[in-house]
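Chain order of the listed sequences is A and B. Oh and the first sequence: position 168 is 168 in our numbering, straight run, nothing missing. Oh and the second sequence: position 297 is 297 in our numbering, straight run, nothing missing.
You may find that some hints are simply not true.
What the hints assert, rightly or not - Derived list of chain A stretches under chain B, where covered just means 3 residues or more per stretch with a C-beta under 8 Å from a C-beta of chain B:
1. 20 to 31
2. 72 to 85
3. 115 to 126
4. 153 to 165
5. 269 to 281
6. 302 to 314
Unchecked claim - Computed list of chain A residues with no C-beta within reach of chain B, every gap over 10 Å:
7. T88
8. A89
9. E173
10. E201
11. R204
12. F206
13. E227
14. P299
Don't read these hints as lab results, they were simulated from the structure. Keep in mind it's a predicted model, so treat the numbers as computed, not measured. C-beta atoms are modelled at their ideal positions from N, C-alpha and C, and glycine is treated no differently.
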Amino acid sequence: MVAIGVAGTAKNTGKTTTLTALLQVAAGLGAPVGLTSIGFDGEDLDHLTGLPKPRVDVPAGTWVATARPLLKVGTARLEPVSGTGVQTAVGEVVLARAEEAGRVVLAGPATAAGLRTVLAALPRSGLCLVDGAFGRMAPMLATQGLVLATGAAYRRQLPALLAETAALVWLFERPVLDPPAGPVVRLHGILTPNDAKQASEALRRFGGAAGELRLVLGGVVPVAGLEILAEVLEALPIAPEIQFDNVMCLALGGPPLKVRGLLRRLGRRSRVGLARGFPLLAVTVNPFFPDESGGKFRPGYVDGQRLREEMAASLPVPVVDVRQQDASTVLHQVVGNLLSMRDLSIEGIKRTSSYLSVAPTHK
Amino acid sequence: MSGEAAKRVLLAPLDPVHDVGLKVIRRALEAAGHTTILLPPDVPPEEIVAAALEHQVDVVLLSRTIGYQVAEAAARFADLAEAAGLRERVRIAIGGMAIRPELAAEMGFDAAFGPGTTPEEAVAFVEGREPAPGEQRGATRRRPALAPTRTYRYRHAEIGRLLEEIAQELLAWAHGRLSPGVERAQLRQAMIRAARAGESTERLRREYARLTDGAAAAFYARGDLPPGLRRLEAGELQAIRRYAERANAAPAGPELRHGQDTLVFTQYGTGCPIHDIAHIKVLEGWSVDGVIHFDPAWGARTEGLLEGAFTHQRDGTVITPENLQHIRAGLGPYTLWQVRAHRGLNTAETVVLAGEYGADATKINIAYGSLSGGTDPERLAVDGLAAMRYAAEYRLPYDVVTNEELSGVPAHKAFAGMLIVAHVGRRLGGTPYLQPLFCKGPEALIRGLMDANHVDFHAAKILALRRIVDAPIWPGAPVGFMTHTEDRVQSSVTTALHAALGASLGVEAVTIASSDEAYSGGPITAASRVDTLRAVAEALRFFGRARIEPTPAAESLADELVEGIEQVLRRVAEVGFVRALYEGVLGSPEEGGHPGRAGRGTVYARAAR
Numbered sequence: 001m002v003a004i005g006v007a008g009t010a011k012n013t014g015k016t017t018t019l020t021a022l023l024q025v026a027a028g029l030g031a032p033v034g035l036t037s038i039g040f041d042g043e044d045l046d047h048l049t050g051l052p053k054p055r056v057d058v059p060a061g062t063w064v065a066t067a068r069p070l071l072k073v074g075t076a077r078l079e080p081v082s083g084t085g086v087q088t089a090v091g092e093v094v095l096a097r098a099e100e101a102g103r104v105v106l107a108g109p110a111t112a113a114g115l116r117t118v119l120a121a122l123p124r125s126g127l128c129l130v131d132g133a134f135g136r137m138a139p140m141l142a143t144q145g146l147v148l149a150t151g152a153a154y155r156r157q158l159p160a161l162l163a164e165t166a167a168l169v170w171l172f173e174r175p176v177l178d179p180p181a182g183p184v185v186r187l188h189g190i191l192t193p194n195d196a197k198q199a200s201e202a203l204r205r206f207g208g209a210a211g212e213l214r215l216v217l218g219g220v221v222p223v224a225g226l227e228i229l230a231e232v233l234e235a236l237p238i239a240p241e242i243q244f245d246n247v248m249c250l251a252l253g254g255p256p257l258k259v260r261g262l263l264r265r266l267g268r269r270s271r272v273g274l275a276r277g278f279p280l281l282a283v284t285v286n287p288f289f290p291d292e293s294g295g296k297f298r299p300g301y302v303d304g305q306r307l308r309e310e311m312a313a314s315l316p317v318p319v320v321d322v323r324q325q326d327a328s329t330v331l332h333q334v335v336g337n338l339l340s341m342r343d344l345s346i347e348g349i350k351r352t353s354s355y356l357s358v359a360p361t362h363k
Numbered sequence: 001m002s003g004e005a006a007k008r009v010l011l012a013p014l015d016p017v018h019d020v021g022l023k024v025i026r027r028a029l030e031a032a033g034h035t036t037i038l039l040p041p042d043v044p045p046e047e048i049v050a051a052a053l054e055h056q057v058d059v060v061l062l063s064r065t066i067g068y069q070v071a072e073a074a075a076r077f078a079d080l081a082e083a084a085g086l087r088e089r090v091r092i093a094i095g096g097m098a099i100r101p102e103l104a105a106e107m108g109f110d111a112a113f114g115p116g117t118t119p120e121e122a123v124a125f126v127e128g129r130e131p132a133p134g135e136q137r138g139a140t141r142r143r144p145a146l147a148p149t150r151t152y153r154y155r156h157a158e159i160g161r162l163l164e165e166i167a168q169e170l171l172a173w174a175h176g177r178l179s180p181g182v183e184r185a186q187l188r189q190a191m192i193r194a195a196r197a198g199e200s201t202e203r204l205r206r207e208y209a210r211l212t213d214g215a216a217a218a219f220y221a222r223g224d225l226p227p228g229l230r231r232l233e234a235g236e237l238q239a240i241r242r243y244a245e246r247a248n249a250a251p252a253g254p255e256l257r258h259g260q261d262t263l264v265f266t267q268y269g270t271g272c273p274i275h276d277i278a279h280i281k282v283l284e285g286w287s288v289d290g291v292i293h294f295d296p297a298w299g300a301r302t303e304g305l306l307e308g309a310f311t312h313q314r315d316g317t318v319i320t321p322e323n324l325q326h327i328r329a330g331l332g333p334y335t336l337w338q339v340r341a342h343r344g345l346n347t348a349e350t351v352v353l354a355g356e357y358g359a360d361a362t363k364i365n366i367a368y369g370s371l372s373g374g375t376d377p378e379r380l381a382v383d384g385l386a387a388m389r390y391a392a393e394y395r396l397p398y399d400v401v402t403n404e405e406l407s408g409v410p411a412h413k414a415f416a417g418m419l420i421v422a423h424v425g426r427r428l429g430g431t432p433y434l435q436p437l438f439c440k441g442p443e444a445l446i447r448g449l450m451d452a453n454h455v456d457f458h459a460a461k462i463l464a465l466r467r468i469v470d471a472p473i474w475p476g477a478p479v480g481f482m483t484h485t486e487d488r489v490q491s492s493v494t495t496a497l498h499a500a501l502g503a504s505l506g507v508e509a510v511t512i513a514s515s516d517e518a519y520s521g522g523p524i525t526a527a528s529r530v531d532t533l534r535a536v537a538e539a540l541r542f543f544g545r546a547r548i549e550p551t552p553a554a555e556s557l558a559d560e561l562v563e564g565i566e567q568v569l570r571r572v573a574e575v576g577f578v579r580a581l582y583e584g585v586l587g588s589p590e591e592g593g594h595p596g597r598a599g600r601g602t603v604y605a606r607a608a609r
C-alpha cells in the first residue's frame with residue numbers, strides 16, 4: 001500500500017482528528033484502506049491529561065494493523081488475518097480486517113523498520129494511513145509522504161507557532177543534492193560537538209576546491225553539534241557541500257527556528273541539501289491546547305480562523321483545519337498531490353481528472 | 001551467562017534526581033552477567049543516544065516518572081534513537097511509577113516497566129525472552145496449603161485430661177442419637193454419588209423432602225422460592241463462566257504476604273453467585289489466600305437446603321449444590337475455599353456439600369452455634385459431631401470459632417467451648433483450627449482490657465492457647481471487628497494492624513473484612529475490598545518477619561485465661577457438655593450466652609425412626 005503518515009509537532013496538535021478526516025477521504029477512493037499507528041491511539045481519555053480523545057472509527061473492510069490484545073478492545077469487529085512479527089510494548093502487531101464498522105484502538109510499529117514490515121504485509125493496492133504519536137516523526141520515513149499536524153498545543157502564542165511551524169516546513173523543503181562528485185567525509189549517528197571538530201579536521205586534510213568535497217551527515221544533527229559545525233567550517237579555507245540524509249536529521253535536531261538559522265549560516269558558504277526528499281503534503285492546524293492549572297487539565301482554544309489564515313499565508317503547502325467544511329476537498333487534493341509528485345500509482349483507485357489536475361503545491 | 005549472550009546495557013534516568021530503580025536493575029543485570037553503563041540523572045536525550053552509540057549497547061533502559069512534558073522528552077528520545085540509527089539493533093524500554101504498556105507504546109518504546117516490576121523482568125527483557133515462572137510480580141504464587149504442622153499435643157496436661165474426659169462423655173451421650181439434619185446429610189451424600197453414577201435420585205429426594213420444613217419444605221412440595229430469590233438463567237451462568245475463565249488467565253496480582261506463613265482469608269456472600277465470583281476475582285487480583293462462603297441466616301434455621309442456582313438473596317448467598325458448584329468453577333487456581341457449616345440445622349449436610357464440591361475447609365462449632373448462633377444445643381451437638389465425622393472423611397480442616405465473645409461471653413468460657421469441640425474433632429480424626437476472636441468484644445470493652453493498647457489482649461489469647469495445646473490458630477472472624485468505623489481508611493488500617501499482629505504471633509491464618517463491611521448499609525463494594533487488602537499487604541510488608549512485642553500485661557492476662565479455662569472445663573466435666581451449654585457454664589444468658597431454640601426437640605434415638 002501507498003502510505004501517508006500523520007505526524008504532529010507535539011501531542012494534542014490534532015493528529016487523530018486529521019487521521020479520521022483522511023480516513024473518510026481514503027474510504028471514498030474505492031481502493032483498500034489500511035490503518036496503523038507508530039504509537040498508541042484510540043483510547044477514550046488521554047493517558048496524561050485525562051481529557052477526552054477523538055475516536056478512531058473505521059468502515060467495514062478497512063485493514064487495521066494493531067497489537068493483538070487490542071483487537072477486541074474497540075467496537076469494530078476485527079478479524080485477525082496474520083501476524084507480522086513486529087512487537088510493541090502492548091503485544092505483537094497483527095493484520096486484521098474490519099468485518100463490521102466501529103471504533104478501533106491502535107498500537108502499531110514504533111520504528112521505521114517495523115512500519116516497513118507492516119506496510120509490506122498489507123495488500124499491495126490501496127492507501128494506508130499511519131497515525132503519529134507525541135511529536136514523533138522518525139518512523140514516518142517508511143511512508144511516502146507526511147501530513148503535519150500543528151497547533152496551539154505546540155506553541156500557545158500565534159507568532160511563535162507560525163514561526164516555528166514555518167521553520168519546520170522550511171526544513172522539509174531543502175533541496176535534494178545530486179550524488180557527490182568528489183571526496184566525502186561521512187558522519188553517522190548523532191552529531192556531537194566533538195564529532196563536528198573531528199569532521200572539520202578530516203575536511204581540512206582533504207583540502208581541494210569548493211564543490212569537490214562533501215560532508216555527509218547521517219543520523220541526527222542536534223543544534224549543539226550544528227553550532228560547532230558551523231563554527232569550525234567557517235574557520236576552514238574551503239567550503240565543502242553539506243548533505244543531510246533526510247529531513248529527520250534536521251527536524252529532530254532541536255527548535256526548528258534555531259536549526260533553520262544554523263542551516264542558513266552554513267548556506268552562506270556552502271551548498272546545503274538532502275540526500276533524499278520526503279514530501280510534506282499538507283499542514284493541519286488545531287486551535288486546541290490542554291490548559292493546565294493546579295495539576296488539572298481543561299480544554300483551551302486559540303482563535304481557530306486566525307490560526308488557519310495566518311498559517312496558510314506563511315506556508316508553501318496546503319493548510320487545513322480539518323473541522324472546516326472544505327477540508328475534504330483539500331485532503332483529496334493532498335492525496336492527488338502525492339500521486340503526481342511521486343509518480344505513485346495506487347492500484348484500484350479511479351484516477352479521475354480531479355486527482356491529476358491538481359498541481360503540486362511544493363515549491 | 002556466556003560471553004556471547006551477555007548484553008551491554010545502558011541505563012539512563014531521564015529524571016533530574018532519582019535513579020534508584022535503575023541501580024536495583026543494574027545489580028540484577030550484573031549478577032546475570034551483563035555489562036552495564038549507568039548514566040547520571042538528568043542527561044539530555046541527545047547525550048543518552050550518543051552514549052548508546054559510543055558504548056555500542058544492545059539495550060537502553062530509561063526511567064522517569066511521567067508528566068506531560070516528560071513524556072514528550074521520552075518520546076523525543078525514541079525519535080532521536082530511531083533517526084540516529086540506534087533502533088536498527090538496540091531495544092529500548094522505559095520504567096517508572098506512571099509507566100504503562102500503552103504509554104510506552106505511544107512514546108515509541110519496546111517495553112514498559114511500571115510499578116511493581118521485578119528486576120528479573122528487566123533482565124528477561126534484556127535477554128530477549130519472556131520472564132520465567134517466578135520472575136514476574138506475583139508469579140511466584142502457589143496454592144497455599146491448609147495442612148498444619150502442629151502436633152495437637154497438650155502442654156497443659158490437666159486441661160488435656162479434662163478435655164478427654166468431656167469428649168468421652170459427649171461421644172457417649174451422642175451415641176445412637178440422630179436428627180433430621182444428620183439423616184439429610186446421609187441422603188445428600190447418597191444423592192450426589194448416585195447422580196454421579198448415573199443412577200436415579202428420585203427416591204432419595206422424596207425421602208429428603210420429608211425431612212425438611214419451612215422454606216425448604218415449600219420448595220420441595222410446590223417449587224416455591226423464598227421471597228426475593230430467583231433462579232439464575234443459563235446465559236447469566238455462561239457469562240460468568242467466561243468472565244472467570246478470562247480472569248483466571250490474567251497474571252497473578254501483587255503479593256499480599258511478605259514472606260509470612262499466615263494465610264489471609266476474607267469472605268464473600270453477596271446473595272448472587274455471579275456477583276460472588278466477581279468479588280472473588282477482585283480478592284484474587286489482590287492475592288488473598290482464601291475466600292469464605294457466607295450464607296443467609298435463615299439457612300441455619302430451616303430444615304433442608306434448596307436445589308438450583310439462585311440469586312437475589314439478601315444476607316449471604318444461599319447454599320445449594322448448584323450455587324456451590326458454580327462458585328467453585330469460578331475460583332482461581334491459587335484460592336482456598338471455605339464453606340461454613342458451623343451454626344445451623346444443615347451443618348452436617350453443608351460439610352457433605354463442601355467435601356463433595358471441592359472446598360478446602362469448613363467451619364464447625366457446637367458451642368457458638370448453640371449459644372450465639374440460635375441452634376438448640378442438643379441438636380447442634382448431634383449435628384456437629386456428624387459434621388466433624390464428615391469433615392474427617394473428606395479431609396476438610398475446619399476452624400472452631402469463639403464468636404460467643406461477640407455476645408459478651410468472657411474469653412475463658414468461649415475458649416473452653418472451643419477447646420472441647422476441637423478436642424472432640426481430633427478424636428474423630430479431624431483437623432480443627434482454633435479461632436479466637438481478634439476484636440474489640442464486649443468483655444474487652446467492659447473490663448477495659450484494650451484501653452492501653454490493642455496488642456496485649458490478643459497476644460494473651462494466643463499465649464494462653466499455646467500454653468495449653470500445640471494446635472493451629474486462625475484468629476477471626478474477622479480480625480479487627482468492632483474496631484471499624486464509617487471511615488474506610490481507619491477500618492483498613494485497623495484490619496491491617498490486627499492481621500500483622502496475627503502474623504507476628506505466628507498464627508496459621510487470619511480472616512479479614514472489607515473496609516466497609518460494618519457500615520456499608522448495603523452491598524460491600526469492590527473498592528473497599530481492595531482498600532483492606534492493600535492495607536494488609538502494606539502492614540505485612542512493613543513488619544515482615546519483625547515481631548510485635550506485647551507488654552508484660554499480656555503474660556498476666558494469658559495466665560488468667562488459662563486458669564479460667566481450666567476452671568470452666570472442670571465444671572463442664574462435672575455436668576457434661578450439652579448440659580453445660582444449657583446451664584450457662586460456657587456462657588450464661590447474663591453474659592450473652594443464650595441457648596438457641598432452632599431444632600429443639602428434634603433429636604431422636606436411632607431406633608426411634
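Okay, the hints, checked on the actual structure:
1. 20 to 31: Check failed, 0 qualifying residues.
2. 72 to 85: With 0 residues closer than 8 Å to chain B, the stretch 72 to 85 of chain A misses the three-residue bar; violated.
3. 115 to 126: violated (count 0)
4. 153 to 165: violated (count 0)
5. 269 to 281: violated (count 0)
6. 302 to 314: Violated: only 0 residues of the stretch 302 to 314 of chain A have a Cβ under 8 Å from chain B.
7. T88: The claim is violated: A:T88 sits with its nearest Cβ about 5 Å from chain B, within 10 Å.
8. A89: Nearest chain B Cβ is 4 Å from A:A89, so the label is violated.
9. E173: holds, 19 Å
10. E201: At about 19 Å from chain B, A:E201 clears the 10 Å cut-off, so the statement holds.
11. R204: The assertion about A:R204 holds, with a minimum of 23 Å to chain B.
12. F206: holds, 24 Å
13. E227: The claim holds: A:E227 sits with its nearest Cβ about 13 Å from chain B, beyond 10 Å.
14. P299: Per Cβ check, A:P299 is outside 10 Å of chain B; nearest 14 Å; holds.
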